[in-house]
Amino acid sequence: MPRKTYVIGVGMTKFEKPGAIEGWDYPDMARESGTKALADAGIDYREIQEAYVGYVYGESTSGQRAVYELGLTGIPIVNVNNNCSTGSTALYLAARAVRSGLAECALALGFEKMQPGSLGSTYDDREQPMAKHFLALAEISEVLFPPAPWMFGAAGREHMQQYGSTAEHFAKIGYKNHKHSVNNPYAQFQDEYSLDDILASRMIYDPLTKLQCSPTSDGSGAAILASEDFVDKHGLADQAVEIVGQAMTTDFENSFDGSCKALIGYHMNVAAAQQVYDQSGLGPEDFQVIELHDCFSANELLLYEALGLCPEGEAAKLIDNGDTTYGGRWVVNPSGGLISKGHPLGATGLAQCAELTWQLRGTADKRQVDNVTAALQHNIGLGGAAVVTAYRRAQR
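Residue numbers (full-length UniProt numbering): 1 to 396.
Since the hints were derived computationally from the structure, they do not count as laboratory data. Do not rely on the hints blindly, as some may be mistaken.
As the list claims (entries may be wrong) - Think about it this way: if two alpha-carbon atoms lie no more than 27 Å apart in a straight line, the pair counts; the simulated BS3-like pairs of lysine-lysine are:
#1 4 to 36
#2 132 to 17
#3 233 to 4
#4 17 to 317
#5 233 to 36
#6 233 to 14
#7 179 to 366
#8 36 to 317
#9 36 to 210
#10 233 to 210
#11 17 to 233
#12 14 to 210
#13 210 to 4
Values in this document were obtained by computation on a predicted structure and should not be read as measured data.
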């Protein structure tokens, strides 16, 4: 019988433009986020029995080097790389360790120290992991480099052609997320822009302008997970947040069904979300707050449909009705999302976890959503892996 699993401590650094802080290296980032998570949980590092450490750009065993900033206790430390879903993959693995009984307390930590500019490949002497996806998209769309805005922009154009969404709908998502980030001291950007500003910013790949695209970032996030026995033993019920559903999916055959949205993970997202709804007994209508993977505004719009917030083709209606911000049916990306909070690949999923933990505890300050009882997280990496997690307040 799977055991109940709880988030008992979270911590993160402020996300920064790459190189903005001279000498700030990944061990410094990990020390800050990990120390904050331990302090939040009120435990000593010696109580951590396993650690899962995510990063995309780095040398082998960088995870060990990062966690050694917290202590050297000989525990298993697993290095994790799952593209942009790396942080939530580390979370998934730590949760499985606790849920299965292999550990009473586990650490998930993620970091990234990135290069400025668009993402690029590290090794050019071997097959690129996304080559199959690129070739499939090239058959149905013009080719553009760098590939990420091309892939998500093409999916946005496809939605416009099929369902009548407009460039303004996508821009409104950028407007919303930048507006939300004004109240997030951890966000890379904390500037509010008008809708005209969003639309008038530099075009990256129509309909995506610069202010609708996530930046490269440096930063780290951490979460400590524990069993019910551990929570009871340490008197942590008042701050514990239960993971009530969690699923990871990878590409299915229909990822190559000839549509742009499939190539950016639509079917993976649908399947992962449905598994979480089945596990938790919760549906989209039961959540008040959602952190989802808005690497580009086009992805957020498509995720409204993939996560079941609305029927396929009707995401634009949610935007027009103000259903995804304060005062609406859900608050989506109160942190500012990837677009404005930033996107250090290995840390993103753990920053989402931290935000939702704070929301469920009622400690999110000016970002606090009213009457939060359940929260939903979505994180995706192309190539591919989607991770969806549902949280609720611990039953006291």
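These are the hints, each one checked on the structure:
no.: 1; hint: 4 to 36; result: holds, 24 Å
no.: 2; hint: 132 to 17; result: violated, 31 Å
no.: 3; hint: 233 to 4; result: holds, 15 Å
no.: 4; hint: 17 to 317; result: violated, 34 Å
no.: 5; hint: 233 to 36; result: holds, 21 Å
no.: 6; hint: 233 to 14; result: violated, 32 Å
no.: 7; hint: 179 to 366; result: holds, 12 Å
no.: 8; hint: 36 to 317; result: violated, 40 Å
no.: 9; hint: 36 to 210; result: violated, 33 Å
no.: 10; hint: 233 to 210; result: violated, 49 Å
no.: 11; hint: 17 to 233; result: violated, 41 Å
no.: 12; hint: 14 to 210; result: holds, 21 Å
no.: 13; hint: 210 to 4; result: violated, 42 Å
Violated hints, listed in ascending order, are 2, 4, 6, 8, 9, 10, 11, 13; each of the other numbered hints is respected by the structure.
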